[in-house]
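Undergrad: Sequence:
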Amino acid sequence: MAAFTLSELNAAIKGAVETAFPETVWLIAEIAEIRCNVRGHCYLELIEREGEKTKAQIRANIWAYAFRGIAAAFERATGESLRQGMKVLLQVSVTFHEVYGLSLNIRDIDPAYSLGEMARKKREIIERLAKEGLLHLNKQIDLPIIAQRIAVISSSSAAGYGDFTNHLDNNPFHYKITYKLYQSSMQGGEAVADITAALRNIRRERDLYDAVVIIRGGGSQIDLSCFDTYDLAVAVARCPLPVITGIGHERDDTVVDLVAHTKLKTPTAVAEFLLSAMNSFEEKLLNAEKALAALARERYRMETHRLGYLAQQFRHNARDRLSHERVVIDALLLKITHGATRFIHQHGNTIETRIRSITGGLNMYFEKRANALTHYAQAVKLLDPANVLQRGYSITYYRGKALTDSSIVGQGDMIETKCFKGFIKSTVEESHVEE
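Numbering that gives the first Met the number 0 numbers the first residue of the sequence shown as 0 and each following residue consecutively.
Hints were generated in silico from the structure; no laboratory data involved.
Given the structure is predicted, the values throughout are model-derived calculations rather than measurements.
Nothing false has been slipped in among the hints.
Once the Cα atoms are required to be at most 25 Å apart in a straight line, the calculated SDA-like pairs of lysine to any residue come out as:
hint	residue 1	residue 2
1	130	116
2	130	239
3	86	192
4	262	279
5	283	299
6	86	60
7	130	51
8	175	162
9	86	35
10	52	88
11	262	192
12	262	195
13	264	276
14	400	427
15	54	87
16	86	49
17	262	280
18	179	191
19	86	40
20	175	285
21	264	126
22	130	230
23	417	391
24	289	301
25	54	23
26	138	263
27	121	78
28	52	119
29	283	209
30	264	180
31	417	428
32	264	147
Take the sequences, apply the hints, and build the full model.
TA: Set out below in structure tokens:
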């Protein structure tokens with residue numbers, strides 16, 4: 000029985016492969032893994048999925064001399080770099096090496112296919128967000144007229160972050176806007192997890208802020224695929240604060256742009272947006288102040304005129320009323336005078352008798368009251384403490400107060416006795432209360 004050596008078998012396989020695939024072929028596959036070495040060679044693992052299962056898998060490479068041109072052309076066309084999870088259309092030559100086995104050498108990549116795939120995925124994500132009611136959820140949150148407390152998601156090393164903060168800190172209006180940076184990767188494989196974590200932290204501190212700003216700028220315009228992912232779009236849509244984006248995308252809006260409350264192109268544009276809103280509000284306040292002042296002046300003029308007219312009417316009416324009342328009073332005085340005269344003539348004797356009676360009664364009353372007051376004065380004089388002391392009595396004081404109860408003091412206490420003339424200080428040797 001004839002047998003192959005391993006090298007003979009591999010050589011046969013190699014010949015069969017070269018016979019079956021003498022020319023390059025176009026291949027649709029998903030990049031499962033991609034890495035480049037220091038020499039610039041790129042190595043990939045390509046797969047085909049069927050649901051969650053891997054249906055096929057093969058190794059591929061792009062040599063350094065070809066990779067530079069292929070990668071640059073792909074990035075210019077798509078705005079993205081080749082990355083894991085991307086579905087691509089590849090022009091490959093199929094090779095079999097006796098030691099390293101079967102592999103594909105990538106000669107070219109068609110960016111049009113990847114653009115179509117990215118657009119399809121993006122469209123599916125947008126449709127899913129709309130179906131779940133998330134596409135316009137963040138837009139329903141009211142953005143404060145004046146947003147002065149800002150949570151910023153960005154990279155501290157990004158030039159865009161520096162542009163944003165410099166624009167706010169040195170604004171010509173001298174508005175005070177406070178901000179806090181939530182450090183995050185803004186591109187690459189870690190960006191989605193970092194930005195989502197930052198949004199979770201902001202949610203816990205939502206009462207500290209008026210709005211969230213997601214900014215990116217100053218770096219490469221490629222590899223913004225993280226902003227077209229479903230998970231990040233959901234996190235932005237469900238943020239309890241209005242989200243403003245300024246990620247510097249020069250092409251179509253990303254999915255995150257679509258779900259955000261307000262979409263702007265650059266970090267500087269975001270800063271301008273915040274400052275412009277404050278300036279617009281200030282102008283409205285100033286215009287309202289001017290309008291109110293003008294209204295107050297006009298109202299003052301009208302009321303002054305009205306009060307002047309009312310004062311004139313009042314003076315006129317008052318003069319008429321006074322004249323009328325004088326006539327009435329004069330008539331009443333005349334009537335009273337005539338009536339009093341007639342009354343006196345008719346009842347003169349009776350009045351004189353009553354006057355004498357009243358006068359006599361008053362004299363007797365006043366004399367009686369004067370005698371009573373004299374008696375009271377004598378009684379009060381007898382009760383004067385000076386008179387009481389003069390009769391031999393004394394007043395004893397303990398701690399500045401008159402002593403009326405001997406039980407209050409004890410042996411050794413100092414007491415002071417006031418006589419009619421002078422004071423006596425004593426030390427208590429004994430005290431007792433009489434039953």
